[in-house]
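K.L.:
Letter by letter, the chains look like this.
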Amino acid sequence: MSDIPRLTISIDPAACCAMGRCAATAPEVFDQDPDTGTVVLLDATPPPELHAPARLCAELCPCEAITVTEG
Amino acid sequence: MNETAPLAEESAPVYPMPRVSPVDPPPPLAELRAGKAASRVTLWDGSQVWLVTSHAGVKAVLGDRRFTAVTSAPGFPMLTRISQLVRAKPASASFIRMDDPEHSRLRSMLTRDFLARRAEALRPAVRELLDEMLAKLVTGERPVDLVAGLAIPVPSRVITLLFGAGDDRREFIESRSAILVDRGYTPDQVAAARDELDGYLRELVEERLADPGDDLISRLVLDQVRPGKLSIDEMVPMCRLLLVAGHGTTTSQAGLGLLSLITDPGLTEALAEDPGLMPKMVEELLRFHSIVQNGLARAATEDVELDDVVIRAGEGVVLSLSAANRDEQIFPDPDRLDPHRDARRHFAFGHGMHQCLGQWLARVELEEIYAAVLRWMPGARLAIPFEELEFRHEVSSYGLGSLPVTW
Ligand code: HEM
Ligand code: SF4
Numbered sequence: 001m002s003d004i005p006r007l008t009i010s011i012d013p014a015a016c017c018a019m020g021r022c023a024a025t026a027p028e029v030f031d032q033d034p035d036t037g038t039v040v041l042l043d044a045t046p047p048p049e050l051h052a053p054a055r056l057c058a059e060l061c062p063c064e065a066i067t068v069t070e071g
Numbered sequence: 001m002n003e004t005a006p007l008a009e010e011s012a013p014v015y016p017m018p019r020v021s022p023v024d025p026p027p028p029l030a031e032l033r034a035g036k037a038a039s040r041v042t043l044w045d046g047s048q049v050w051l052v053t054s055h056a057g058v059k060a061v062l063g064d065r066r067f068t069a070v071t072s073a074p075g076f077p078m079l080t081r082i083s084q085l086v087r088a089k090p091a092s093a094s095f096i097r098m099d100d101p102e103h104s105r106l107r108s109m110l111t112r113d114f115l116a117r118r119a120e121a122l123r124p125a126v127r128e129l130l131d132e133m134l135a136k137l138v139t140g141e142r143p144v145d146l147v148a149g150l151a152i153p154v155p156s157r158v159i160t161l162l163f164g165a166g167d168d169r170r171e172f173i174e175s176r177s178a179i180l181v182d183r184g185y186t187p188d189q190v191a192a193a194r195d196e197l198d199g200y201l202r203e204l205v206e207e208r209l210a211d212p213g214d215d216l217i218s219r220l221v222l223d224q225v226r227p228g229k230l231s232i233d234e235m236v237p238m239c240r241l242l243l244v245a246g247h248g249t250t251t252s253q254a255g256l257g258l259l260s261l262i263t264d265p266g267l268t269e270a271l272a273e274d275p276g277l278m279p280k281m282v283e284e285l286l287r288f289h290s291i292v293q294n295g296l297a298r299a300a301t302e303d304v305e306l307d308d309v310v311i312r313a314g315e316g317v318v319l320s321l322s323a324a325n326r327d328e329q330i331f332p333d334p335d336r337l338d339p340h341r342d343a344r345r346h347f348a349f350g351h352g353m354h355q356c357l358g359q360w361l362a363r364v365e366l367e368e369i370y371a372a373v374l375r376w377m378p379g380a381r382l383a384i385p386f387e388e389l390e391f392r393h394e395v396s397s398y399g400l401g402s403l404p405v406t407w
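Taken in order, these protein sequences are the chains called A and B. Those letters in the first sequence? Residues 1 to 71, per our numbering, in order. Those letters in the second sequence? Residues 1 to 407, per our numbering, in order.
Hints are computed from structural coordinates only; laboratory data are not their basis.
Ranges of calculated distance between the beta carbons of each label pair, as one might list FRET restraints:
| id | chain 1 | residue 1 | chain 2 | residue 2 | range |
| --- | --- | --- | --- | --- | --- |
| 1 | A | ARG55 | B | GLU273 | 21 to 31 angstroms |
| 2 | B | ASP168 | A | THR8 | 53 to 63 angstroms |
| 3 | A | LEU42 | B | ALA125 | 23 to 33 angstroms |
| 4 | A | THR69 | B | GLU328 | 25 to 35 angstroms |
| 5 | B | GLU273 | A | ASP31 | 31 to 41 angstroms |
| 6 | B | GLY276 | A | GLU64 | 26 to 36 angstroms |
| 7 | B | GLU390 | A | PRO5 | 50 to 60 angstroms |
| 8 | A | ASP35 | B | GLY276 | 25 to 35 angstroms |
| 9 | B | VAL310 | A | ALA44 | 30 to 40 angstroms |
| 10 | A | ASP43 | B | ASP45 | 50 to 60 angstroms |
| 11 | A | ALA44 | B | ASP100 | 25 to 35 angstroms |
| 12 | B | TRP407 | A | PRO5 | 47 to 57 angstroms |
Where a beta carbon is used, it is the ideal one built from N, C-alpha and C, also for glycine.
Same shape as in the complex, but just chain A (with noise of 0.2 angstroms):
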């Protein structure tokens, strides 16, 4: 195993109400679908540079519809 660390991220749709926080505040990671605004994930595994935004789009989802796991 390589020390670089790891965040694996998962999306519940059927959770989200699409306020796009994600999509704002890590372009990178999330997007929304255009019509019904619901979070479309696009990296489930970021590189470590994008770590932190990806934890604060967690904690900003107004819905709890965004997990990340270390590792």
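Since chain A is already given, all that's left is putting chain B with the ligands on it; use the hints.
P.N.:
Relative to the frame of chain A, chain B with the ligands by itself:
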């Protein structure tokens, strides 16, 4: 404050508390935040409810579906006399006062029109509107009142633009929706204004049913009403909600933000150095002013443990957004307005499933209003002493009565 305010027990102070500084929340909120997760307060009608003042507590309650936003629920806090009216006529409630699944059924019909990219697409029109308004203002007499001149008309022009309603109808919309958010009016006056507004919106909806165009109302009519997914009786309060929720709030935040920008040289210097700082500044100004000054109301539908406090089913809770936005656990040195702060965790737009639908539109409007004033009125400053400014406490979104500036 209000002379008829009830006598409160020492353990349950009267809420809302009076401000000491016009731009800071009432000082007792900071003391309460240092205490238990929730504390008892007494409202104007003598009822006692829980008050939550910490960032973590506000987040927990607003994200927890065991708390309802339905005003007729047992124990629901009546923050003002006007909330009683809403309770008395629940049939006309809009989705801001509903829980899921009804709430999301209605809200999701509007999602597409309020996505960040849609707000972004409106930016050029907003900028053009501002340039037009400011070109007029700067050639007129000084001082200029930026509240009457910009903060009031811009949000209403933007909403009528979305609705595809012409200028002839704007004045009507503006005056009636202003009454709905002003606690200076009696419940009867508010009811009358609401009924007038509803009648007017019904006309607009029926007009679009007969002859749809390319606007938000027409899209709702075509996609939802015609296929039978939305009734006109449901659509009218929905349109009223958009008017009322997007109007006074944006006006207040625009006025107070402009006040900060023209009185705090640190902010304009930071922006001059890096114009790209504007979105960050807008978040910090939203955090700092937290214009939904008395917070949000909910009621527990089950017993809920909130850290060291148990909130029982049927008890009311008030979430102080302004206190949470000054929580030093999240925002170090919270009473400082810091243009370089990452303020994105603020709750000025609420949290949970009711988080502001219009937040991206509001951000675009605020960024454009602030930038336009700095562009057109370089060196803008207050035309009267700060102490003479009139702050309006009696409206649900705290703000300035007027903002006279010169440059
Ligand atoms: C600076 C300006 C604004 C502020 C501070 C603000 C604040 C808020 C807050 C705190 C809530 C949550 C209410 C609750 O949870 O009970 C909310 C909801 C809402 N806002 Fe805004 N708002 C602003 C501008 C707008 C604009 C421009 C619009 C639309 C044109 C808008 C439309 C709405 C709607 C429809 C809701 C209800 C959402 C729901 O219940 O799901 N707001 N707003
Ligand atoms: S922030 Fe949350 S609710 Fe909003 S679009 Fe992203 S996942 Fe959905």
